[in-house]
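Visitor: Listed here are the chains, written in short residue letters.
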Amino acid sequence: MTEFLQHLVNGLSVGTIYALIALGYTMVYGVLKLINFAHGDVYMVGAFSGYYIAHALGAGDRPTLPKALAVFVGSMVVCGALGAAIERFAYRPLRARPRLTALITAIGVSFLLEYGFQLPSFGLTTQPFPPGPTPRFFPQPFARVSWSLGGVELSNYDVVSFAVAFGFMLLLQLVVYRTRFGRAMRAVSFDAQVAGLMGINVNRVIAGTFVLGSVLASVAALLVAGSRPTINPLMGLMPGLKAFVAAVFGGIGNVPGAMVGGLVLGLAEEYVAGYLLSSYRDAIAFAILIVVLLVRPEGLFGRVRAEKV
Amino acid sequence: MRIARALPLAVLALAGCPKQEAPAGPQPILFGHVGSMTGNEATFGDSTDKGIRLAVDEQNKRGGVKGRPLAVKTLDDQGKPEEAAVAATRLLTEDKATVLLGEVASSRSLAMAPIADLDKVPMVSPSSTNPRVTKDGAVTRPYVFRVCFIDPFQGTVMAKYARDTMKVSKVAILRDVGNDYSVGLADYFAAKFKELGGTIVADQSYKAGDQDFKAQLTAIKGKHPEAIYVPGYYTEVALIARQTRELGMQQPLMGGDGWDSSKLYEIAKGALDGSAFSNHYSHENPSPVIQDFVKAYQARYGSVPDGLAAAGYDAARIAIDAIQRAPEVSGPAIRDALAATKGFQGVTGVITIDADHNAVKPAVVLKIQDNAAHYATTINP
Numbered sequence: 001m002t003e004f005l006q007h008l009v010n011g012l013s014v015g016t017i018y019a020l021i022a023l024g025y026t027m028v029y030g031v032l033k034l035i036n037f038a039h040g041d042v043y044m045v046g047a048f049s050g051y052y053i054a055h056a057l058g059a060g061d062r063p064t065l066p067k068a069l070a071v072f073v074g075s076m077v078v079c080g081a082l083g084a085a086i087e088r089f090a091y092r093p094l095r096a097r098p099r100l101t102a103l104i105t106a107i108g109v110s111f112l113l114e115y116g117f118q119l120p121s122f123g124l125t126t127q128p129f130p131p132g133p134t135p136r137f138f139p140q141p142f143a144r145v146s147w148s149l150g151g152v153e154l155s156n157y158d159v160v161s162f163a164v165a166f167g168f169m170l171l172l173q174l175v176v177y178r179t180r181f182g183r184a185m186r187a188v189s190f191d192a193q194v195a196g197l198m199g200i201n202v203n204r205v206i207a208g209t210f211v212l213g214s215v216l217a218s219v220a221a222l223l224v225a226g227s228r229p230t231i232n233p234l235m236g237l238m239p240g241l242k243a244f245v246a247a248v249f250g251g252i253g254n255v256p257g258a259m260v261g262g263l264v265l266g267l268a269e270e271y272v273a274g275y276l277l278s279s280y281r282d283a284i285a286f287a288i289l290i291v292v293l294l295v296r297p298e299g300l301f302g303r304v305r306a307e308k309v
Numbered sequence: 310m311r312i313a314r315a316l317p318l319a320v321l322a323l324a325g326c327p328k329q330e331a332p333a334g335p336q337p338i339l340f341g342h343v344g345s346m347t348g349n350e351a352t353f354g355d356s357t358d359k360g361i362r363l364a365v366d367e368q369n370k371r372g373g374v375k376g377r378p379l380a381v382k383t384l385d386d387q388g389k390p391e392e393a394a395v396a397a398t399r400l401l402t403e404d405k406a407t408v409l410l411g412e413v414a415s416s417r418s419l420a421m422a423p424i425a426d427l428d429k430v431p432m433v434s435p436s437s438t439n440p441r442v443t444k445d446g447a448v449t450r451p452y453v454f455r456v457c458f459i460d461p462f463q464g465t466v467m468a469k470y471a472r473d474t475m476k477v478s479k480v481a482i483l484r485d486v487g488n489d490y491s492v493g494l495a496d497y498f499a500a501k502f503k504e505l506g507g508t509i510v511a512d513q514s515y516k517a518g519d520q521d522f523k524a525q526l527t528a529i530k531g532k533h534p535e536a537i538y539v540p541g542y543y544t545e546v547a548l549i550a551r552q553t554r555e556l557g558m559q560q561p562l563m564g565g566d567g568w569d570s571s572k573l574y575e576i577a578k579g580a581l582d583g584s585a586f587s588n589h590y591s592h593e594n595p596s597p598v599i600q601d602f603v604k605a606y607q608a609r610y611g612s613v614p615d616g617l618a619a620a621g622y623d624a625a626r627i628a629i630d631a632i633q634r635a636p637e638v639s640g641p642a643i644r645d646a647l648a649a650t651k652g653f654q655g656v657t658g659v660i661t662i663d664a665d666h667n668a669v670k671p672a673v674v675l676k677i678q679d680n681a682a683h684y685a686t687t688i689n690p
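Same order as they appear, the protein sequences are chains F and G.
The first sequence lines up with residues 1 to 309 when you count with our numbering.
The second sequence lines up with residues 310 to 690 when you count with our numbering.
Keep in mind the hints are simulated off the structure, nothing from the lab.
Be a bit skeptical, because a hint or two may be false.
Now the stretches of chain F that chain G is said to cover, found in silico as 3 or more residues with beta-carbon under 8 Å [to be verified]: (1) 131 to 137; (2) 141 to 155; (3) 234 to 240.
Here are the computed distance ranges between Cβ atoms for each label pair [stated by the list, open to error]: (4) F/I104 to G/A681: 49 to 59 Å; (5) G/N680 to F/F4: 28 to 38 Å; (6) G/A500 to F/L8: 28 to 38 Å; (7) F/G167 to G/H683: 38 to 48 Å; (8) F/K33 to G/K429: 55 to 65 Å; (9) G/N680 to F/R92: 44 to 54 Å; (10) F/V159 to G/H533: 23 to 33 Å; (11) F/Q173 to G/H683: 46 to 56 Å; (12) F/S146 to G/D679: 17 to 27 Å; (13) G/K503 to F/G167: 47 to 57 Å; (14) F/L8 to G/Q654: 56 to 66 Å.
Capping the alpha-carbon separation at 35 Å, the derived lysine-lysine pairs in DSBU-like fashion look like this [as the list claims (entries may be wrong)]: (15) G/K405 to G/K375; (16) G/K516 to F/K67; (17) G/K676 to G/K604; (18) G/K469 to G/K389; (19) G/K578 to G/K503; (20) G/K444 to G/K359; (21) G/K516 to G/K676; (22) G/K359 to G/K429; (23) G/K501 to G/K578; (24) G/K572 to F/K67; (25) G/K578 to F/K67; (26) G/K516 to F/K33.
Here a beta-carbon is modelled for each residue, glycine too, at the ideal position from N, C-alpha and C.
Okay, chain F solo, but in the shape it has when bound (with noise of 0.2 Å):
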């Protein structure tokens, strides 16, 4: 039993990368059709600007919750910053092209930030950027207390990170149902064409949905960044693929199914690694993503919608 709930506490402390990570892929659905497979890489930067906004401030030495949140919302800028240039400059041009191209210009984005990370640094900085292939270690962000509760091991940081995940999805909910943008970002998600002619700019929505993906990828990196130190310019290829999966579940372009395709997923990988065999963990992802393929290509919570011709 004691096992089973370790599992549960490990699982859940996954799954809610997962799920962060899966927002972005699918509110980008949701508002283009396309798939951001640059978002993983947007997640790889996130943890990377924390880096070096904590070693700039210090923080490695002696962790202070002032510097750490420094670190938190500096990251989330870097962040913010890349997804809006990322759709300036590689999609917004090419909204017009058929989809495939943007697909293609996508994956370019994704090869662009995780080799261009790995180049050899330029020498300009104390701390070498880029940070070449060599992983680095990222600092503590507070020291670690654990509970040991009747066999099960809890930690602050998985408090704080399920705490930190869940307070940003339930804010998410809000902007997305409670407020002016987020109600344009359903219009434009529902027929993008229609909504602009009703006066919704939509270059700012859909800049503002990059934006907001972005945003919560660089917390999901810091979440992970934070207990598990080591980082390098790859880091968002596998959490990236297993995000779209966990988004793809879910039912593509659905908030809500993001976080529960996110949540199942990283139980379902914790499940399998622990109590059947632990090389099909990666294996697990992409087997629910056939299935759900097979069986509901509209994913969990996704609506048919019938293509209007």
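Once you have looked at the hints, place chain G on chain F.
Guide: Frame of chain F; chain G shown alone:
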């Protein structure tokens, strides 16, 4: 348009210009080193390169080999087998290296070995321990050598240490499934450990680059082992050690020479205290051969040489020794001299190359205390 067409021509013309001839003097003998200078195992390549360069510079001070100076050219493979193959090809075709040195990781050496054989250039791996590096099926690769022991022996060493010194009988294994070295070592360890009367209570796996190992560790925890064998590379091992402690498990971890890096302690932050791993040498060994090397290395680089630096140093010295004994500086002649190496006094022990091109020599076990490795024991083959 005209400029666009003329440009490639100009480049061609420039490239075609005869290069400035090197100043008079004999042509240097080139060692091509393929190493992971960056990437997940960056300290492996870095340490090995430092060891190789130390050996080569010492020899150059003594007047080089056969009246010719030695030179080293290092290419980075970023820790990727496909890059190692590219680097080896470049060193052999572009730079005409006389001897190929590298790699540390078996997966990468396996990518280079067929290239060395094809070009008939001897390759000396300082520390790849997987048997398949020098043996392709039943056939020994003619041009591939190594100056370290192999995994059947390394696995046996830790199994013996676990049974005889640590006195444990229930061990769990956590292996890197995508890594030839890790899988081989885990298998040899398990076989010997069972033979010595122990039981393997769990056999879990991970993939290099994973960051979360808690699923596997929780499953291992439920089986109550007395120790966990993790034959991986230092980046993941350090994270595994931390997460083991985070799950409230106090068992010691055991591993192989892939642990040997200063980064291990930097990431693990004390989580590995009480753990042990097999290695090529210990810098604490008072033998004058080792202490002279440690002193020279420290004077030059300001850090204590790890096992991979020592293995790199030995690889270069064995190659130098073979070139000296070879009747001429050619691939086949150096290969024959390498194969005939007997009783060579290296830093990592007395090295004799056997029929399968492996070095036969003892291994040491290092125990981690206060976040640093200390000599525990030597185990002979």
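Visitor: Give a verdict on every hint.
Guide: Evaluation of the provided hints:
| no. | hint | in the structure |
| --- | --- | --- |
| 1 | 131 to 137 | holds (count 5) |
| 2 | 141 to 155 | holds (count 6) |
| 3 | 234 to 240 | holds (count 3) |
| 4 | F/I104 to G/A681: 49 to 59 Å | holds, 51 Å |
| 5 | G/N680 to F/F4: 28 to 38 Å | holds, 34 Å |
| 6 | G/A500 to F/L8: 28 to 38 Å | holds, 36 Å |
| 7 | F/G167 to G/H683: 38 to 48 Å | holds, 46 Å |
| 8 | F/K33 to G/K429: 55 to 65 Å | holds, 57 Å |
| 9 | G/N680 to F/R92: 44 to 54 Å | holds, 51 Å |
| 10 | F/V159 to G/H533: 23 to 33 Å | holds, 27 Å |
| 11 | F/Q173 to G/H683: 46 to 56 Å | holds, 55 Å |
| 12 | F/S146 to G/D679: 17 to 27 Å | holds, 22 Å |
| 13 | G/K503 to F/G167: 47 to 57 Å | holds, 50 Å |
| 14 | F/L8 to G/Q654: 56 to 66 Å | holds, 58 Å |
| 15 | G/K405 to G/K375 | holds, 18 Å |
| 16 | G/K516 to F/K67 | holds, 33 Å |
| 17 | G/K676 to G/K604 | holds, 22 Å |
| 18 | G/K469 to G/K389 | holds, 33 Å |
| 19 | G/K578 to G/K503 | holds, 32 Å |
| 20 | G/K444 to G/K359 | holds, 28 Å |
| 21 | G/K516 to G/K676 | holds, 26 Å |
| 22 | G/K359 to G/K429 | holds, 26 Å |
| 23 | G/K501 to G/K578 | holds, 31 Å |
| 24 | G/K572 to F/K67 | holds, 25 Å |
| 25 | G/K578 to F/K67 | holds, 22 Å |
| 26 | G/K516 to F/K33 | holds, 33 Å |
Hint violations for this structure: none, all hints satisfied.
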